[in-house]
Amino acid sequence: MLLKDRQRPVAAVAHGVGLRLPATSKHLRVLREVGLVQVRRAGKQRLYGLDARGLQAVHDWTGGFEQFWSESFDRLNRYVKELRDREARGDGTDDH
Amino acid sequence: MLSRTIDGPRRLVFEAFTDVRHLSQWWGPDAFTTTTRAFEFRPGGVWDFTMHGPDGSNYRNWIEWLEISSPEQIVYRHGSDALDPTAFVSTVTLVDRGARCEVILRSVFNSKAQRDEVIERYRAIEGGKQTLGRLAGYVAAMIGERR
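If you read the protein sequences in the order shown, they are chains F and G.
With the numbering used here as the guide, the letters of the first sequence map in order to residues 1 to 96.
With the numbering used here as the guide, the letters of the second sequence map in order to residues 97 to 243.
No lab work stands behind these hints, which were simulated from the structure alone.
Misleading hints may appear alongside valid ones.
[To be verified] Computed beta-carbon distance windows for the label pairs: (1) G/Pro139 <-> F/Ser70: 27 to 37 Å; (2) G/Arg138 <-> F/Ala88: 24 to 34 Å; (3) G/Ser207 <-> F/Gly43: 34 to 44 Å; (4) G/Ser153 <-> F/Gly35: 20 to 30 Å; (5) G/Glu198 <-> F/Pro9: 45 to 55 Å; (6) G/Asp151 <-> F/Ala88: 48 to 58 Å; (7) F/Asp5 <-> G/Val185: 19 to 29 Å; (8) G/Pro150 <-> F/Arg89: 27 to 37 Å; (9) G/Ser207 <-> F/Arg20: 48 to 58 Å; (10) G/Asp180 <-> F/Ala11: 30 to 40 Å; (11) G/Asp115 <-> F/Pro9: 51 to 61 Å; (12) F/Arg89 <-> G/Thr187: 53 to 63 Å; (13) F/Asp91 <-> G/Thr132: 21 to 31 Å.
[What the hints assert, rightly or not] A partial selection of chain G residues facing chain F, derived with a Cβ cut-off under 7 Å: (14) Leu98; (15) Gln121; (16) Ala134.
It should be emphasised that the depicted structure is a prediction, and the values quoted were computed from it without experimental measurement.
Heads up, the beta-carbon is just placed ideally off N, CA and C, and yes, glycines get one too.
Just chain F, with the same shape it has in the complex (with noise of 0.2 Å):
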């Protein structure tokens, strides 16, 4: 990530992107509304960096990997719990 260790001129982000310089302004406008990138006047340049609360939130609301297994586990738990009861009642665990 270009940001993600150090911050950048808007120069230098354009180049990592390969994004023309008023399409990257607009670009890190609207991240820096949003919360995910914040910037910081150095001298007569503006830095941009990483906004991490705003990235924690998007990582909390998407949730990823953990998010992944959350869901399957809750579907393996009523699935186990669905064959254990159908082998209670004597149906074995074939579905029918």
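Following the hints, complete the assembly by docking chain G onto the known chain F.
Then chain G, alone, in the frame of chain F:
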């Protein structure tokens, strides 16, 4: 590492992993379904399948079972296809708790880059359900390094 206690004896939880007829009933997040091309539950055997998200997105999956110790442990390699360089190894350990069973999932990534790649992919799968997932993809595309 993730773990969860399941309301059922270990042998039934193990059984739920051993047959695609069972796996298709629970694998994946809510509202996901799977289509299986091939399934063979033995060491070296493969489960070749596609996951379908509720929004119509499709995700290729390729799982090779590496070690199977009935009924306590399953080790598998999971990627998008046989040659996927970001495939990673997971170990599922089933701990007998009498009427219940604790499932422990450990995934090992060869590098931080590989782990990030996998997390990104799972985030994309979640995006099949959540609009914000698309925002994450947008952000990744915008600020990520181009390959």
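Which numbered hints fail: 6, 9, 12, 16
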